[in-house]
Amino acid sequence: MKIYRAESTGTNDEVIKKKYSTRRAPLNVPYLVDNLWEWTRPEGYPNRRYSIFATPSRKTAAESAYVPDAIYEVCSLTPSKAPIVQIPGIEDAKFHQDCRELQRKLLELLGREKWTEMSLGEKKELAPLWSPCLLKEEVEALMPPEIREGMLNAVTLWKGVKLLTFDGGLADEVGEVFIEADEVILRRVRGA
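Residue 1377 in this note's numbering sits at position 171 of the sequence shown, and the numbers go up by one each step.
Worth flagging that the hints you see were computed from the coordinates, not collected in a lab.
If you're wondering where the values come from, they're calculated on a predicted model, not measured in any experiment.
There could be a bad hint or two in this list.
[Unchecked claim] With a straight-line cut-off of 27 Å between C-alpha atoms, the simulated DSSO-like cross-links for lysine-lysine are:
(1) Lys1224 x Lys1287
(2) Lys1311 x Lys1300
(3) Lys1342 x Lys1368
(4) Lys1208 x Lys1300
(5) Lys1365 x Lys1208
(6) Lys1265 x Lys1224
(7) Lys1224 x Lys1368
(8) Lys1287 x Lys1225
(9) Lys1311 x Lys1287
(10) Lys1223 x Lys1265
(11) Lys1342 x Lys1329
(12) Lys1320 x Lys1223
(13) Lys1300 x Lys1365
(14) Lys1320 x Lys1330
(15) Lys1265 x Lys1300
(16) Lys1342 x Lys1265
(17) Lys1342 x Lys1330
(18) Lys1265 x Lys1225
Based on the sequences and whatever the hints tell you, model everything.
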């Protein structure tokens, strides 16, 4: 599998990325969506908050980076069987339909007019859903029972992703890849 990411530490030929020790809030996916994705994440699939992200294309890696000093190839993972997922056809999760649809669906299930007319005290019960990095159990505790099934069905990310192995192939040549590994070794791609 050839996948790439841009790094701002472009002076080194090899970069070792360690797994984050704390949850990392998303920069380009709304917190509500991130929380719903974590709530519905299947067992054995990578947690996006601890993952590193990559792409099948050097060009896309450079375009999606904040400071693309150099392009690196992902060369090895520890453990070697670390969970890897690809979102086929979507080069960045921020373009996934859930980012547009889930907030609308939640408000629809809550009753848009009812929700907007609630008192601040009533809104406070659900407001934490829009907070960064909730645990699966926290979302479960916050989710009103009467809309739980509707929201579970509305989340589509995990229905479309492909679970991969590092020694296997990609689902396509476009989709964002994310990996939850204890350690990832990157090697600089020369001429990139």
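Hint check:
{"no.": "1", "hint": "Lys1224 x Lys1287", "result": "16 Å, holds"}
{"no.": "2", "hint": "Lys1311 x Lys1300", "result": "17 Å, holds"}
{"no.": "3", "hint": "Lys1342 x Lys1368", "result": "21 Å, holds"}
{"no.": "4", "hint": "Lys1208 x Lys1300", "result": "22 Å, holds"}
{"no.": "5", "hint": "Lys1365 x Lys1208", "result": "24 Å, holds"}
{"no.": "6", "hint": "Lys1265 x Lys1224", "result": "24 Å, holds"}
{"no.": "7", "hint": "Lys1224 x Lys1368", "result": "24 Å, holds"}
{"no.": "8", "hint": "Lys1287 x Lys1225", "result": "15 Å, holds"}
{"no.": "9", "hint": "Lys1311 x Lys1287", "result": "36 Å, violated"}
{"no.": "10", "hint": "Lys1223 x Lys1265", "result": "21 Å, holds"}
{"no.": "11", "hint": "Lys1342 x Lys1329", "result": "20 Å, holds"}
{"no.": "12", "hint": "Lys1320 x Lys1223", "result": "47 Å, violated"}
{"no.": "13", "hint": "Lys1300 x Lys1365", "result": "17 Å, holds"}
{"no.": "14", "hint": "Lys1320 x Lys1330", "result": "14 Å, holds"}
{"no.": "15", "hint": "Lys1265 x Lys1300", "result": "18 Å, holds"}
{"no.": "16", "hint": "Lys1342 x Lys1265", "result": "34 Å, violated"}
{"no.": "17", "hint": "Lys1342 x Lys1330", "result": "19 Å, holds"}
{"no.": "18", "hint": "Lys1265 x Lys1225", "result": "25 Å, holds"}
In terms of the numbered hints stated before, the structure departs from hints 9, 12, 16, listed from lowest to highest.
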